[in-house]
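Undergrad: Sequence:
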Amino acid sequence: MTINVFIVDDSATARTALKLLLDGTDDITVTGVASNPVIALKRMNIRWPDVIISDLEMPEMDGFTFLQHIQRERPTPFIVFSNHTGSSAMSSVEALSRGAMDIIPKPNFSCEESLDQTREHILQSIRASANTLAADAVKQTLRERKKKRLSTGQTLARAILGEDLAQTLERKTHNKADEQPNDVVVDCEELALRHKTSVVAIGSSTGGTTIVEKILTQMPINSPPVLIVQHMPEHFTAAFAKRINQFCAIEVKEAKAGDVLTPGTAFIAPGGHHMAISSRGPGYRLDVYVGEHVNRHCPSVDVLFNSVADRVGKNALGIILTGMGKDGAKGLLAMRERGAMTLAQAEKGCAVYGMPKAAVAIDAVCREMLPQEIATVVSSLNKDE
Numbered sequence: 001m002t003i004n005v006f007i008v009d010d011s012a013t014a015r016t017a018l019k020l021l022l023d024g025t026d027d028i029t030v031t032g033v034a035s036n037p038v039i040a041l042k043r044m045n046i047r048w049p050d051v052i053i054s055d056l057e058m059p060e061m062d063g064f065t066f067l068q069h070i071q072r073e074r075p076t077p078f079i080v081f082s083n084h085t086g087s088s089a090m091s092s093v094e095a096l097s098r099g100a101m102d103i104i105p106k107p108n109f110s111c112e113e114s115l116d117q118t119r120e121h122i123l124q125s126i127r128a129s130a131n132t133l134a135a136d137a138v139k140q141t142l143r144e145r146k147k148k149r150l151s152t153g154q155t156l157a158r159a160i161l162g163e164d165l166a167q168t169l170e171r172k173t174h175n176k177a178d179e180q181p182n183d184v185v186v187d188c189e190e191l192a193l194r195h196k197t198s199v200v201a202i203g204s205s206t207g208g209t210t211i212v213e214k215i216l217t218q219m220p221i222n223s224p225p226v227l228i229v230q231h232m233p234e235h236f237t238a239a240f241a242k243r244i245n246q247f248c249a250i251e252v253k254e255a256k257a258g259d260v261l262t263p264g265t266a267f268i269a270p271g272g273h274h275m276a277i278s279s280r281g282p283g284y285r286l287d288v289y290v291g292e293h294v295n296r297h298c299p300s301v302d303v304l305f306n307s308v309a310d311r312v313g314k315n316a317l318g319i320i321l322t323g324m325g326k327d328g329a330k331g332l333l334a335m336r337e338r339g340a341m342t343l344a345q346a347e348k349g350c351a352v353y354g355m356p357k358a359a360v361a362i363d364a365v366c367r368e369m370l371p372q373e374i375a376t377v378v379s380s381l382n383k384d385e
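UniProt numbering puts the first residue of the sequence shown at 1, with every later residue one more than the last.
Don't take each hint at face value.
Unchecked claim - Pairs of lysine-lysine, DSS-like flavour, derived with a Cα cap of 27 Å: (1) K106 / K42; (2) K314 / K253; (3) K42 / K19; (4) K326 / K253; (5) K214 / K256; (6) K242 / K106; (7) K330 / K357; (8) K326 / K214; (9) K242 / K214; (10) K256 / K242; (11) K106 / K196; (12) K314 / K357; (13) K19 / K214; (14) K314 / K326; (15) K256 / K348; (16) K196 / K19; (17) K256 / K326; (18) K253 / K242; (19) K196 / K42; (20) K314 / K256; (21) K314 / K330; (22) K196 / K314.
As the list claims (entries may be wrong) - Using C-beta positions, here's what the derived DEER-type ranges look like: (23) R367 / N222: 18 to 28 Å; (24) R98 / L123: 19 to 29 Å; (25) H69 / K214: 17 to 27 Å; (26) E112 / H69: 29 to 39 Å.
These aren't lab readings, by the way, just hints derived from the structure by calculation. A virtual CB, placed ideally from N, CA and C, is assigned to each residue, including glycine.
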């Protein structure tokens, strides 16, 4: 399958460089470019793309308005291609909360190494976005088939049973479905209360920023410390932490080497740095350092989870969220083998069912849950204390 990509950026240099980075890739075709969203919309209507890559700060129409228009009129995976300084970083993080799939920092266009790194990142992001689009298409087809079967069944029911009795049966079936919205009903609070938790460790990637925000904004001030690896480029994690902190009862901050884990605090690994617990409790401390990529990532979820398994053991809760690849799967297994409770985001709620799937495949997961169920578990930890 060829993935059709459209590029929107008011910088001719950025448009040309990005197109050159993608040209020559067998499965990706750049179907068009535009200097602003107004021109882009006219051109895209001729041939709608599978993935849109766009800057945010542009004339005629800004990137946020463009993103909102796309989400409202014709939802399409949207990747932000932006500078990583000051207000641009904050704007990019804000775009993630509004539905953008990923952030790609603009490279140094005169540096070959910088361009190569950007190419690797953007190819991975485009393919992950396209996988999401394909999965949504399959789900839509299945929904339409189910609807068609139900429609046929309803017609037969009316013919055999009569209009009134058929409508009564339809209402009862509909009400029963409403009573069981999930495949498995989980008593999340009871699950949380059964487990003594000193540290929560979360690994997340593509599509996971809104889930991380959902979890953290529901946590009370007396919650255990939370450690988060969110696959995100360097310079953007500080903006991510700052943004979420505005909406939380707990403190959310970008982690620094030597930080002491305290209740009511969430630490987000800085982009380009691994994060690990460096000492056993009480008084756990963080080690934050530049290191080799693990599973193609720095920070790596496996690095965090392995340290939590070693230092915290059974008193930890590990959570793996949506994302492409397998980062975190082996680390989550190490946590489970040490007696920790381990959760994975269920496929039904995933933008990209890669990391959770890899963890489930090696039996690293105690329970799969929807995002709100995970948030309820975390917000209920240590409630009886």
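Undergrad: All hints are to be evaluated individually against the structure, with a verdict given for each.
TA: A quick look at each hint next to the structure:
Between the alpha carbons of K106 and K42 the distance comes to roughly 25 Å, so the proposed pair stays at or under 27 Å and holds. A C-alpha spacing of about 25 Å is found between K314 and K253, which places the hinted pair at or below 27 Å, so the restraint holds. Proximity of K42 to K19 is assessed by CA-CA distance (about 19 Å); at most 27 Å being required, the pair is judged to hold. The hinted pair formed by K326 and K253 meets the criterion: a straight-line CA distance of about 26 Å does not exceed 27 Å.
For the hint pairing K214 with K256, the CA-to-CA distance comes to about 24 Å; that is within 27 Å, so the pair holds. Annotation: proposed proximity of K242 to K106 holds, straight-line Cα distance about 21 Å (limit 27 Å). A threshold of 27 Å between alpha carbons decides the hint, and for K330 with K357 the separation of about 12 Å falls inside it, so the pair holds. Among the hinted pairs, K326 with K214 is consistent with the structure: their alpha-carbon atoms are about 23 Å apart, no more than 27 Å.
Of the supplied pair hints, the one linking K242 and K214 holds, its CA atoms being roughly 15 Å apart against a limit of 27 Å. Distance check on the hinted pair: K256 and K242 sit about 14 Å apart at the alpha-carbon level, within 27 Å; holds. About 44 Å separates the Cα atoms of K106 and K196, which puts this hinted pair outside 27 Å; it is violated. At roughly 23 Å between alpha-carbon atoms, K314 and K357 fall within 27 Å of each other, so this suggested pair holds.
With a C-alpha separation of about 35 Å, the suggested pair K19 and K214 falls outside the 27 Å cut-off, and the hint is violated. Restraint check: the Cα-Cα separation between K314 and K326 comes to about 23 Å, which is no more than 27 Å; the hinted pair holds. A distance of roughly 35 Å separates the Cα atoms of K256 and K348; the hinted pair therefore is violated under the 27 Å criterion. Note on K196 and K19: the hinted pairing is violated, with a Cα-Cα distance of about 52 Å set against a maximum of 27 Å.
Between the alpha carbons of K256 and K326 the distance comes to roughly 26 Å, so the proposed pair stays at or under 27 Å and holds. Between K253 and K242 the CA atoms are separated by roughly 7 Å; this keeps the pair inside 27 Å, and the hint holds. Straight-line distance between C-alpha atoms of K196 and K42 comes to about 57 Å, which puts the hinted pair past the 27 Å bound. About 25 Å separates the Cα atoms of K314 and K256, which keeps this hinted pair within 27 Å; it holds.
Taking the CA atoms of K314 and K330, the gap is about 16 Å. The hint holds against a cut of 27 Å. Distance restraint check for K196 and K314: the Cα-Cα separation of roughly 8 Å lies within the 27 Å cut-off, and the hinted pair is therefore satisfied. A hinted range of 18 to 28 Å holds for the C-beta pair R367 and N222, which are about 24 Å apart. With their beta carbons about 24 Å apart, R98 and L123 fall inside the hinted range of 19 to 29 Å.
Distance hint for H69 and K214: a CB-CB separation of about 25 Å, consistent with the stated range 17 to 27 Å. Hint check: E112 to H69, Cβ distance near 36 Å, so the stated range 29 to 39 Å holds.
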